[in-house]
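Novice: Sequences listed follow chains A and B, in order. Position 271 of the first sequence, counting from 1, maps to 271 under my numbering, and the rest follow consecutively. Quick note, my numbering runs 1000 ahead of the 1-based positions in the second sequence.
A couple of the hints might just be wrong.
Claimed, not checked - In silico SDA-like pairs for lysine to any residue, Cα to Cα no more than 20 Å straight-line:
id, chain 1, residue 1, chain 2, residue 2
1, B, 1234, A, 23
2, B, 1134, A, 242
3, A, 100, B, 1134
4, B, 1134, A, 16
5, B, 1182, A, 288
6, A, 264, B, 1133
7, B, 1234, A, 183
As the list claims (entries may be wrong) - Simulated restraints on C-beta separations:
id, chain 1, residue 1, chain 2, residue 2, range
8, B, 1183, A, 263, 48 to 54 Å
9, B, 1057, A, 156, 57 to 63 Å
10, A, 37, B, 1028, 44 to 50 Å
11, A, 105, B, 1107, 39 to 45 Å
No wet-lab data here; the hints were simulated from the structure. The structure presented is a predicted model; accordingly, all values stated were derived computationally and were not measured. C-beta atoms are modelled at their ideal positions from N, C-alpha and C, and glycine is treated no differently.
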Amino acid sequence: MNRYNRNISEGVTAYAFLSPAILILIFIFGYQIVRLFWFSLVHWQGYRYTTQFNNFKYFVTIFSRGYVVKPLLRSFLIIGIVIPSVIFLTVFISHHLYRKIVGYRFYRWLFFLTSIIPVVVASIIWTYLLNLFGPVNNFLRALHLDFLVVDWFGNSKSAIFALCWIIIWREIGFSTIIFLAELGNASPSVYEAALMDGANEFQLMRFISFPYLNRIIKLYTVTMTIFVLNNLFGVVLVSTNGGPGYATTVLEYYIYFLTFRAGKIGLGLSVAVLLFIITMVLVVIYVRLFSRRRGEGVF
Amino acid sequence: MIRYRASSVAYRIFVQAVFIFISITILFALYYLLSNAMKSGAEFARNQFTPPKSFNVANFIYVWKEGGIGITFRNSLIICGISVSISIVIALLAGFTFSLLSFRGRNLLSYLILSTMYISPMALIIPLFIQMGKLQLTNTYVGIIIIYVALNLAFSIYLMTTYLKGVPIELVEAAVIDGCGKLRLLFRIFIPLSKAGIIVLGIINFSIMWNDLLFAFIFLQKEERQTIMVAIAKFQGLYGHANMTHVLSALVIAALPIIVIYLVAQRFFKEGIMSGSIK
């Protein structure tokens, strides 16, 4: 059925209604992206740009000196840790919430709470909790498990894992809501049939819920990758400030560091272009997964 | 049969153990935040685990006044309130267009708008910073409001379109036959029928803007324009581990509006997030 009434289909009115949205998006996104690419190709003197072509010298520098390699690897390390953990945990949690385990209402409410706690708040609480003299380590000391005591954020090896923990902890609530909504469309008779055939709870999760969630897992993986690449600034700034040393300077934070701390805006711009391109590739993948039928808009 | 039951019980215990472990991390984090926010420095140093001796609001008053959290709280309210209102108006107009009208370039435009949702904000920040500097909009409400509206627009339009598509087409047709114009259609039929959607959109946008650190941190460096998240990030750097009770009470103030809004509008909130994420 065609939803769009031909009688009132007028391009002029449509674009008049859309004009505020289009104008503001062009100003903040379209124009600035063009400027981003243009800026990355000119010489920079401090914070002033010239109109002189720079022969790609900033791009050459970040790659030939290997500046960008470690931040990039750190970003991918975080993606590699966070996304599988979140997906496994979320499938586990949402399946058992769907199956109404004891206390499922309470769990559902409590887990969702994590996703509405502001990023800054969650990050600061966890930096305190995981501090060398914080409650978690004190608790371990009280149990005489001193060998397990780790200065999570003060140690350059463990800091990135502590960061991952904060991200996972905050993400679980939101992903559970989404996965649970998707499971809500599953037909209960499939589960009943499997139970009649003697399947146990684990098999229900592995062979019914998991395949059923396949599409949302794919979408979620791509979205989460984009999210982890681009939205870690708050967590990193508050919890570790990129340190100790450069141990938690991920690609996104590296742009901030180069541009606003080190004053190397040319290098910052070329890393920004790199991040932009990586993200755009992921967006293309996402849009292709997202649109079910070809030739139809996403709205 | 007996073996199967035994494994089932063990499995159930395992499941509960996982759920309880996650619950403990959440409950303890919240307990730690709330109980220590009310302790004095000395009491905190003695014991971090026990509940506070008295319901002490001195910390909150201190950070609100001396710590400057009060001013930043007001700034956050102004910035988020205005941004939310503007983005709702724009999203309503756009959502109305996408849900009802057919026009040239509709599909392409919908893809372009949706893709802005995922553009790397950090990549945009440098050209935006130079742009805003040139327009003298850094450290102003106007500058940050424009940025916030634009950043949340794709999501808002998407959510608004899905909501407005729920308006029954028969109703629209009847109104059109009776000679109802498009603007009246929007104000008399679409807006009254999608109040819940507008509330949800407002709440989600408010919480996203309230929680933002990156843009506020870069664009609002003057103290009298800072948002609460920036103030807390700097507060923590300033007081750090020496004055943790004050930082914790500032955190409570920062988290409170979001949690209150969520608890008040819990049902709307959950529905909104679902319909926004699942097509």
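Novice: Determine for every hint whether it applies to the structure shown.
Specialist: Verification of the supplied hints:
no., hint, result
1, B:1234 <-> A:23, "34 Å, violated"
2, B:1134 <-> A:242, "29 Å, violated"
3, A:100 <-> B:1134, "57 Å, violated"
4, B:1134 <-> A:16, "29 Å, violated"
5, B:1182 <-> A:288, "33 Å, violated"
6, A:264 <-> B:1133, "18 Å, holds"
7, B:1234 <-> A:183, "42 Å, violated"
8, B:1183 <-> A:263: 48 to 54 Å, "51 Å, holds"
9, B:1057 <-> A:156: 57 to 63 Å, "40 Å, violated"
10, A:37 <-> B:1028: 44 to 50 Å, "48 Å, holds"
11, A:105 <-> B:1107: 39 to 45 Å, "42 Å, holds"
Checked against the numbered hints listed earlier, the structure breaks hints 1, 2, 3, 4, 5, 7 and 9; every other hint is satisfied.
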